[in-house]
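**Student:** Spelled out, the chains give:
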Amino acid sequence: MGSLFRSEPMCLAQLFLQSGTAYECLSALGEKGLVQFRDLNQNVSSFQRKFVGEVKRCEELERILAYLVQEINRADIPLPEGETSPPAPPLKQVLEMQEQLQKLEVELREVTKNKEKLRKNLLELIEYTHMLRVTKTFVKRNVEFEPTYEEFPPLERESLLDYNSMQRLGAKLGFVSGLIQQGKVEAFEKMLWRVCKGYTIVTYAELDEPLEDPETGEVIKWYVFLISFWGEQIGHKVKKICDCYHCHVYPYPNTAEERREIQEGLNTRIQDLYTVLHKTEDYLRQVLCKAAESVYSRVIQVKKMKAIYHMLNMCSFDVTNKCLIAEVWCPEADLHNLRRALEDGSIMRMFFNGRYILLLMGLFSVYTGLIYNDCFSKSVNLFGSGWNVSAMYSSSHSLGEQKEMVLWNDSVVRHNKVLQLDPSIPGVFQGPYPLGIDPIWNLATNRLTFLNSFKMKMSVILGIIHMTFGVVLGIFNHLHFRKKFNIYLVSIPELLFMLCIFGYLIFMIIYKWLVFSAETSRVAPSILIEFINMFLFPASETKGLYTGQEHVQRLLLVITALSVPVLFLGKPLFLWWLHNGRSCFGVSRSGYTLIRKDSEEEVSLLGSQDIEEGNRQMDDGCREMTCEEFNFGEILMTQAIHSIEYCLGCISNTASYLRLWALSLAHAQLSDVLWAMLMRVGLRVDTTYGVLLLLPVIALFAVLTIFILLIMEGLSAFLHAIRLHWVEFQNKFYVGAGTKFVPFSFSLLASKFSNDDLA
Amino acid sequence: MLECAELYFNVDHGYLEGLVRGCKAGLLTKQDYINLVQCETLEDLKIHLQTTDYGNFLANQTNPLTVSKIDTEMRKKLCREFEYFRNHSLEPLSTFFTYMTCNYMIDNVILLMNGALQKKSVKEIMSKCHPLGRFTEMEAVNIAETPSDLFNAILVETPLAPFFHDCMSENTLDELNIELLRNKLYKSYLEAFYKFCKNHGDVTAEIMCPILEFEADRRAFIITLNSFGTELSKDDRETLYPRCGKLYPEGLRLLAQAEDFEQMKRVAEHYGEYKPLFEAVGDRNGGKTLEDVFYEHEVQMNVLAFNRQFHYGVFYAYTKLKEQEMRNIVWIAECISQRHRTKINSYIPIL
Chain A
1 MGSLFRSEPM CLAQLFLQSG TAYECLSALG EKGLVQFRDL NQNVSSFQRK FVGEVKRCEE
61 LERILAYLVQ EINRADIPLP EGETSPPAPP LKQVLEMQEQ LQKLEVELRE VTKNKEKLRK
121 NLLELIEYTH MLRVTKTFVK RNVEFEPTYE EFPPLERESL LDYNSMQRLG AKLGFVSGLI
181 QQGKVEAFEK MLWRVCKGYT IVTYAELDEP LEDPETGEVI KWYVFLISFW GEQIGHKVKK
241 ICDCYHCHVY PYPNTAEERR EIQEGLNTRI QDLYTVLHKT EDYLRQVLCK AAESVYSRVI
301 QVKKMKAIYH MLNMCSFDVT NKCLIAEVWC PEADLHNLRR ALEDGSIMRM FFNGRYILLL
361 MGLFSVYTGL IYNDCFSKSV NLFGSGWNVS AMYSSSHSLG EQKEMVLWND SVVRHNKVLQ
421 LDPSIPGVFQ GPYPLGIDPI WNLATNRLTF LNSFKMKMSV ILGIIHMTFG VVLGIFNHLH
481 FRKKFNIYLV SIPELLFMLC IFGYLIFMII YKWLVFSAET SRVAPSILIE FINMFLFPAS
541 ETKGLYTGQE HVQRLLLVIT ALSVPVLFLG KPLFLWWLHN GRSCFGVSRS GYTLIRKDSE
601 EEVSLLGSQD IEEGNRQMDD GCREMTCEEF NFGEILMTQA IHSIEYCLGC ISNTASYLRL
661 WALSLAHAQL SDVLWAMLMR VGLRVDTTYG VLLLLPVIAL FAVLTIFILL IMEGLSAFLH
721 AIRLHWVEFQ NKFYVGAGTK FVPFSFSLLA SKFSNDDLA
Chain B
1 MLECAELYFN VDHGYLEGLV RGCKAGLLTK QDYINLVQCE TLEDLKIHLQ TTDYGNFLAN
61 QTNPLTVSKI DTEMRKKLCR EFEYFRNHSL EPLSTFFTYM TCNYMIDNVI LLMNGALQKK
121 SVKEIMSKCH PLGRFTEMEA VNIAETPSDL FNAILVETPL APFFHDCMSE NTLDELNIEL
181 LRNKLYKSYL EAFYKFCKNH GDVTAEIMCP ILEFEADRRA FIITLNSFGT ELSKDDRETL
241 YPRCGKLYPE GLRLLAQAED FEQMKRVAEH YGEYKPLFEA VGDRNGGKTL EDVFYEHEVQ
301 MNVLAFNRQF HYGVFYAYTK LKEQEMRNIV WIAECISQRH RTKINSYIPI L
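These protein sequence lines map, in sequence, to chains A and B.
With the working numbering applied, the first sequence covers 1 to 759.
With the working numbering applied, the second sequence covers 1 to 351.
These are computed hints drawn from the structure, not numbers from a lab.
Treat the hints with care, since some could be wrong.
[What the hints assert, rightly or not] Derived BS3-like pairs (lysine-lysine); straight-line CA-CA distance at most 27 Å:
(1) A:Lys240 to B:Lys128
(2) A:Lys306 to A:Lys92
(3) B:Lys128 to A:Lys184
(4) B:Lys128 to A:Lys113
(5) B:Lys120 to A:Lys239
(6) A:Lys117 to B:Lys69
(7) B:Lys123 to A:Lys117
(8) B:Lys123 to A:Lys115
(9) B:Lys69 to A:Lys113
(10) B:Lys123 to A:Lys221
(11) A:Lys184 to B:Lys76
(12) A:Lys290 to A:Lys279
(13) B:Lys288 to B:Lys265
(14) A:Lys221 to A:Lys113
(15) B:Lys76 to A:Lys113
(16) A:Lys240 to B:Lys123
(17) B:Lys69 to B:Lys123
(18) A:Lys306 to A:Lys740
(19) A:Lys221 to A:Lys239
(20) A:Lys50 to B:Lys30
(21) B:Lys119 to A:Lys197
(22) A:Lys117 to A:Lys279
(23) B:Lys198 to B:Lys184
(24) B:Lys343 to B:Lys288
(25) B:Lys119 to A:Lys240
(26) A:Lys113 to A:Lys103
(27) A:Lys221 to A:Lys184
(28) B:Lys184 to B:Lys265
(29) B:Lys275 to B:Lys288
(30) B:Lys128 to B:Lys184
(31) A:Lys56 to B:Lys76
(32) B:Lys77 to B:Lys128
(33) B:Lys120 to A:Lys184
(34) B:Lys195 to B:Lys184
(35) A:Lys306 to B:Lys77
As the structure is a computational prediction, the values presented were derived from the model and not from experiment.
Chain B with its partners taken away, still in its complex shape:
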């Protein structure tokens, strides 16, 4: 592709970029969070949110207000915005949007299969699925008994199909296998998305590649952390790491050998980006968790994505920032409703 997005980007995507930047301006500010934290009840929270870009999104909710109602309405709002972007997008931006939704689709499929394993009703789980990752075939997921079944019968015509190439197996889907399936799917998804952005080139590649590299490495770290003390073998573990991050190939090999958090930290210390992150992690008595540190770093990268123009990264960044904001609001709302105020300040401010 021609390497000068300035010349042609706005022809197809200028409107949407303008729109997404406007939406980004509506994200909650530090002052908003300070006010939200002072709320005594969820009603107060609702009143303050009304003064922000959320507007009267809760106006039609009958009392009493609950955290899950707030969460659903916020998700609906994000979903409406995303659908609008998607419906007005042209190629290759629409493919980019499809890649963005794959993330949620994978989560939904896994959620449904776990639900089927625990014999929960499909309807109950459907309400928990992320609306961005909804697709028609989704509800039939629990018919499948093996991963190849899942692929052949149900997902072959969905955007998820290409990610199945290295997880076709005849193992029955128990809890461990579902988790493995999730990680493998996610791995090939990330690699494919990375390749798409890389091939697209230009500013999009410059912005998106670092974000996806970080995402891949974060997954590698989290997989390693979660596999301590489980029956997952080191070789199996290595097959789950997405191979498009900065850790590939040396870091991943070292990570596969790590046996505790300290060893993992030592691996991270070889990398300039991750060393400060691991240093920021507090010990058990308090301080930030590794997840929070990763989230903060992600937010930072996403905010910076808005400094460049003419690329698709803003859409990705906006969605992620909005999700973070929703997590923050839900966290604050939970703290308020459970009267557990001591930890209310550990949200991750965005602007």
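Looking at chain A on its own, in the form it has when it is part of the complex:
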């Protein structure tokens, strides 16, 4: 449990690992995750370390596995994700695994390459057939309608696609036809127009079905185009433009017979290719399915192996080269576990469940129910009320007494809506109720006023005690870290500040409770006014709680005012003085070398140096500056921020404790509402069928009570309590500093294998 309050004490251990078994030892350690390795080879760059070859081998394996996973995903084969995490592979198996994987990769690459080639071929052939089919309609349409290209001279238009007649004219008519991606059509046409100055005719039509791109494998919409042009020069340009827009150009058949022949040839070839491709894909799938079975455990195994070698790279070799020396940080409490892990052992886990907290909360709420005398908003009269109403009537008193006191008679009772019991009349108040609030208050109309004032005071008292306790805990911190000056310069001023203002408030509350009785209650001064006057020094004298109050309050104010500058400046000035006065102190520390000692301070120093060394790698050189330099400004700023936070916090945090009252009020009102709206309605029905109504009403009442009063209110009480601990209480002492322990543990490796992870 000690670790709940303080950072875990750590110890620096040196592990001597036989080079033969180091791998197995680290594998066992990684499964446990007990220790954090120190890098003993910081000056050695990553590629000069001992096990760099093994790391490279792991990377090679990872590359192959990534390729496998990629192929398996592409083939849509589900990857079985085992729940167990297989241990790092024994060294003997690694070579075998590597050979297997390499063989698999070679085979797979070959098959995939073949498949891709076949598929590309097939796609091209399919494109070709589509092109032939579509361009046929171009020719027909042009012949039938002879339309659309007005910019051409009529002579050429007539025999637009009559190759022979064009030859007669001396110009060579050429065709380029192919497929182009949908998005590029417009730009393509524009560029053709600009480059060829209109000596081309472009006809194109959208292909009704989207086709796969042989290069990228994307399924997109295509356009089939046919360009007719005159002259070699322009032909070259057209071809270049087609290349530029990545068109798939296919030879254009000049005659109908040629077209038919090509089409037939294509059809048979497509048939052949389909069968071959199908067989290849089947085979590929078989190979991949087999690979998919083991790929998950292999990925994990290789990751673990790589992690082990990374850790081994942090160890140094001893002189004889037979031993690896590792330096590790380990929680002191886990040392025996560490020993056992190296000899193969297991850890028992402690479980701490929340059910005890719930039980305690329940017990406490029963207790508060008794104190407030409130059970489902009904009070329970256990001991008999201390108030006696009949004593208020004039008939119960002697005549002499009747004259001095305001008593009730029949006419008073009949004509007044609200009457107040007067505790100063003998017999009316017979002494306090033995436990909690007197049940008679539940009948009174000023019940809320009374309870609110009571609960508010209770909240403030509890809050201030809580916070003062927090400040006192801070003193233990300073003692633990051997910073006595902090007690005098921080904790005591803080305590004084808190107690002189709010401690005094509590004193006034309790003093008023004790000193003023029923008889004197009419002359009792208001605490609120008194407290305000403490700061305002009003000209008009109030009566005050006690004699000499004014002087006491002045004294307290002076103490408060004095503690503030001490809080602000004390610690920075002291540290400054310490720094200037004993500058030799720092030098003796700077000559520190890595010698292992058992004292706690030395170990903590070691840790800090460790961190600094880590930093040095990142922003080199700055370390010398930050380590030794005494930064007065920074300390002053930190202290100022802390002080402001504390002083303002005293006020706002005290107010924050009023949530105790608010929650109590809300809870009481809710239970009251539930009672009045449900149970009372149900109980009032007094016919014989009332029972029938009462049953569902009770059910509803029970459900609402459980969900609203128990679960919802319980949760909110829990949350607010946590908040009060966290914010108001802990900011008085809790630092939460320390170094994060990052143990070497396989469980921290990303266990899921997604594509991102591997690729």
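Since the structure of chain A is provided, determine the placement of chain B on it from the hints.
**Tutor:** Same frame as chain A, but now just chain B:
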């Protein structure tokens, strides 16, 4: 435009600025370079790069590793980042990005035309083109025979079109004319970019204008240096100088008259910014070249651009810094693979 970017910049561009600053934090540090230089083989280089922000970008490359593979993968990575920025940008930042790519587009067009002149296949040259400057019409560039042809037929609808206004000529595209075309295009590009940043105003102008001024002047110096001993006349030379730098107008006039390096240096000495740069240039026996000095100065300006917030310059600066880093890595990788270790340290560290 309203002169207070603090108020509205983050609405449109805050996300991207945050992103680019994060990317900048991933640039290689001095320590990284020290480690890279110690590498014995390209495999070692790969392993070290894995510990940096490059991550396992080479993981899927089969052995053996070559410098060009590393270069392509690095370019791809930069390109991915840039495309991401560009796809998520709003106006006017997207126009700014378009201006940034024009630079590479010009280079690609010129590269393709040179390739066509030497009768190389388009595919071969396409692989050498910078991916940031890719555009569809690019491959058809070799159809054109004259600059006006090039403009009218091919580039009229690309972002490069506005830069053609003073290089429409009917000269055939031989090697010299292509070089002239490149410089003229670059000149009008720089001037247009400069005008865009100036008109945008605010922090963007304050950051970008000095960077572009330096770029313009650097080009002027380099053009002058390269024209010594060629048939380029002094008047022609002057028409190639971008007129948006600090040298304009007096310095450019003087530069046009310069006949050797010493005269050029004398011109530079009139300018406070360039005097120390020319003084840092070593003589023939060793020391830094003028190019390296310019690169160093550029890196410095780009790093400083990150000191201000709410401007577009960070995107420009990041891309340029990343390019410099890629040049450094390629340089180191070349030195390693050619076993030519003596010059391995003449990379230009960034951070």
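**Student:** Hint by hint, note whether the structure agrees.
**Tutor:** Hint check:
Pair hint A:Lys240 plus B:Lys128 holds up; C-alpha atoms about 19 Å apart against a cutoff of 27 Å. Pair hint A:Lys306 plus A:Lys92 holds up; C-alpha atoms about 16 Å apart against a cutoff of 27 Å. Between the alpha carbons of B:Lys128 and A:Lys184 the distance comes to roughly 24 Å, so the proposed pair stays at or under 27 Å and holds. Using a Cα cut-off of 27 Å, the hinted pair B:Lys128 and A:Lys113 holds, with the two alpha carbons roughly 26 Å apart.
Using a Cα cut-off of 27 Å, the hinted pair B:Lys120 and A:Lys239 holds, with the two alpha carbons roughly 17 Å apart. Restraint check for A:Lys117 and B:Lys69: satisfied, since their Cα atoms lie roughly 25 Å apart, inside the 27 Å limit. Straight-line distance between C-alpha atoms of B:Lys123 and A:Lys117 comes to about 20 Å, which keeps the hinted pair within the 27 Å bound. Simply put, B:Lys123 and A:Lys115 have alpha-carbon atoms about 25 Å apart, close enough for the 27 Å limit, and the pair holds.
Proximity of B:Lys69 to A:Lys113 is assessed by CA-CA distance (about 21 Å); at most 27 Å being required, the pair is judged to hold. For the hint linking B:Lys123 to A:Lys221, the alpha-carbon distance of about 25 Å falls within 27 Å, and the restraint holds. For the proposed pair A:Lys184 and B:Lys76, the alpha carbon gap of about 24 Å is at most 27 Å, so the pair holds. This hinted pair checks out: A:Lys290 and A:Lys279 have alpha carbons roughly 17 Å apart, not beyond 27 Å.
Using a Cα cut-off of 27 Å, the hinted pair B:Lys288 and B:Lys265 holds, with the two alpha carbons roughly 15 Å apart. Taken as a hint, the A:Lys221 and A:Lys113 pair is honoured in the structure, with Cα atoms around 26 Å apart against an allowance of 27 Å. Annotation: proposed proximity of B:Lys76 to A:Lys113 holds, straight-line Cα distance about 24 Å (limit 27 Å). Under the criterion of a C-alpha separation no larger than 27 Å, the hint pairing A:Lys240 with B:Lys123 is consistent with the structure, at around 12 Å.
A C-alpha spacing of about 17 Å is found between B:Lys69 and B:Lys123, which places the hinted pair at or below 27 Å, so the restraint holds. Straight-line distance between C-alpha atoms of A:Lys306 and A:Lys740 comes to about 23 Å, which keeps the hinted pair within the 27 Å bound. The suggested pairing of A:Lys221 with A:Lys239 holds, with an alpha-carbon distance near 22 Å, which does not exceed 27 Å. A C-alpha spacing of about 24 Å is found between A:Lys50 and B:Lys30, which places the hinted pair at or below 27 Å, so the restraint holds.
About 25 Å separates the Cα atoms of B:Lys119 and A:Lys197, which keeps this hinted pair within 27 Å; it holds. With a C-alpha separation of about 14 Å, the suggested pairing of A:Lys117 with A:Lys279 holds against the 27 Å cut-off. Our distance criterion of 27 Å between C-alpha atoms is met by B:Lys198 and B:Lys184, whose separation comes to about 21 Å. With a C-alpha separation of about 11 Å, the suggested pairing of B:Lys343 with B:Lys288 holds against the 27 Å cut-off.
Only pairs whose Cα atoms come within 27 Å are accepted, and B:Lys119 paired with A:Lys240 is accepted, the gap being roughly 14 Å. Our distance criterion of 27 Å between C-alpha atoms is met by A:Lys113 and A:Lys103, whose separation comes to about 15 Å. A distance of roughly 11 Å separates the Cα atoms of A:Lys221 and A:Lys184; the hinted pair therefore holds under the 27 Å criterion. Simply put, B:Lys184 and B:Lys265 have alpha-carbon atoms about 24 Å apart, close enough for the 27 Å limit, and the pair holds.
This hinted pair checks out: B:Lys275 and B:Lys288 have alpha carbons roughly 15 Å apart, not beyond 27 Å. About 23 Å separates the Cα atoms of B:Lys128 and B:Lys184, which keeps this hinted pair within 27 Å; it holds. A distance of roughly 24 Å separates the Cα atoms of A:Lys56 and B:Lys76; the hinted pair therefore holds under the 27 Å criterion. A C-alpha spacing of about 16 Å is found between B:Lys77 and B:Lys128, which places the hinted pair at or below 27 Å, so the restraint holds.
For the suggested pair B:Lys120 and A:Lys184, the alpha carbons sit about 26 Å apart, so the restraint of at most 27 Å is met. Restraint check: the Cα-Cα separation between B:Lys195 and B:Lys184 comes to about 16 Å, which is no more than 27 Å; the hinted pair holds. For the given pair, A:Lys306 sits about 25 Å from B:Lys77 by alpha-carbon distance, which is consistent with the 27 Å threshold.
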